[in-house]
Amino acid sequence: LKMAKYYSPEQNAFYAPEINQTNVPSDVVEITDELWVSLLQQQSEGKVIAAGMDGLPEAQEPPALTQEQLLEIAENQRKSLINTALQSINVIQLKLQAGRALTDTERLKLDATLDYIDAAEATDISNAPDITWPENTAA
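Here the working numbering runs 222 ahead of the position in the sequence shown, where the first position is 1.
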């Protein structure tokens, strides 16, 4: 049983009268099952669906991220790098809190990790996504 499918360019939405009944915008255009399947396939591959010049839906590349979004991603990356570095020295921190002595290897790892965290915090992210993150030599 095939259901008719309609697309509203103004709403960028699909409608099926069997489901939406009378709640259908006036600008809908009928689309074929082949177009519907093709759009779903392309959407699963990362494309976005938008109205084409002819009013029919088409798969397009997603819009580029804004600089604000790129900066947010970079800041989240920085936090993730620092959290991973901190997790790598949890046992060393516990030993210090308990007043235990650190081995030379542990002290070197702690110093290298703290240097890495300092470098990650100081990394300029204003040109995101073009960022050169420091290398964690303690990892």
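Mixed in with the good hints, there may be bad ones.
[What the hints assert, rightly or not] In silico SDA-like pairs for lysine to any residue, Cα to Cα no more than 25 angstroms straight-line:
#, residue 1, residue 2
1, 269, 300
2, 301, 334
3, 269, 329
4, 269, 243
5, 227, 302
6, 317, 302
7, 269, 251
8, 331, 309
9, 331, 305
10, 227, 258
11, 331, 349
12, 317, 299
13, 331, 352
14, 227, 305
15, 317, 249
16, 269, 301
17, 317, 288
18, 317, 306
19, 227, 270
20, 227, 249
21, 269, 317
22, 301, 336
23, 269, 237
24, 301, 288
25, 301, 260
26, 227, 255
27, 301, 333
28, 317, 282
29, 317, 287
30, 227, 254
31, 301, 283
32, 317, 291
33, 301, 330
34, 331, 300
35, 227, 275
36, 331, 320
37, 331, 348
Keep in mind that the hints were calculated from the coordinates and are not lab data.
Hint-by-hint comparison with the structure:
{"no.": "1", "hint": "269 to 300", "verdict": "28 angstroms, violated"}
{"no.": "2", "hint": "301 to 334", "verdict": "18 angstroms, holds"}
{"no.": "3", "hint": "269 to 329", "verdict": "49 angstroms, violated"}
{"no.": "4", "hint": "269 to 243", "verdict": "29 angstroms, violated"}
{"no.": "5", "hint": "227 to 302", "verdict": "44 angstroms, violated"}
{"no.": "6", "hint": "317 to 302", "verdict": "24 angstroms, holds"}
{"no.": "7", "hint": "269 to 251", "verdict": "21 angstroms, holds"}
{"no.": "8", "hint": "331 to 309", "verdict": "12 angstroms, holds"}
{"no.": "9", "hint": "331 to 305", "verdict": "15 angstroms, holds"}
{"no.": "10", "hint": "227 to 258", "verdict": "8 angstroms, holds"}
{"no.": "11", "hint": "331 to 349", "verdict": "30 angstroms, violated"}
{"no.": "12", "hint": "317 to 299", "verdict": "28 angstroms, violated"}
{"no.": "13", "hint": "331 to 352", "verdict": "28 angstroms, violated"}
{"no.": "14", "hint": "227 to 305", "verdict": "48 angstroms, violated"}
{"no.": "15", "hint": "317 to 249", "verdict": "69 angstroms, violated"}
{"no.": "16", "hint": "269 to 301", "verdict": "29 angstroms, violated"}
{"no.": "17", "hint": "317 to 288", "verdict": "44 angstroms, violated"}
{"no.": "18", "hint": "317 to 306", "verdict": "19 angstroms, holds"}
{"no.": "19", "hint": "227 to 270", "verdict": "18 angstroms, holds"}
{"no.": "20", "hint": "227 to 249", "verdict": "13 angstroms, holds"}
{"no.": "21", "hint": "269 to 317", "verdict": "51 angstroms, violated"}
{"no.": "22", "hint": "301 to 336", "verdict": "14 angstroms, holds"}
{"no.": "23", "hint": "269 to 237", "verdict": "20 angstroms, holds"}
{"no.": "24", "hint": "301 to 288", "verdict": "20 angstroms, holds"}
{"no.": "25", "hint": "301 to 260", "verdict": "39 angstroms, violated"}
{"no.": "26", "hint": "227 to 255", "verdict": "8 angstroms, holds"}
{"no.": "27", "hint": "301 to 333", "verdict": "19 angstroms, holds"}
{"no.": "28", "hint": "317 to 282", "verdict": "55 angstroms, violated"}
{"no.": "29", "hint": "317 to 287", "verdict": "44 angstroms, violated"}
{"no.": "30", "hint": "227 to 254", "verdict": "7 angstroms, holds"}
{"no.": "31", "hint": "301 to 283", "verdict": "29 angstroms, violated"}
{"no.": "32", "hint": "317 to 291", "verdict": "40 angstroms, violated"}
{"no.": "33", "hint": "301 to 330", "verdict": "23 angstroms, holds"}
{"no.": "34", "hint": "331 to 300", "verdict": "20 angstroms, holds"}
{"no.": "35", "hint": "227 to 275", "verdict": "19 angstroms, holds"}
{"no.": "36", "hint": "331 to 320", "verdict": "18 angstroms, holds"}
{"no.": "37", "hint": "331 to 348", "verdict": "30 angstroms, violated"}
Comparing the model with each numbered hint stated earlier shows that hints 1, 3, 4, 5, 11, 12, 13, 14, 15, 16, 17, 21, 25, 28, 29, 31, 32 and 37 do not hold.
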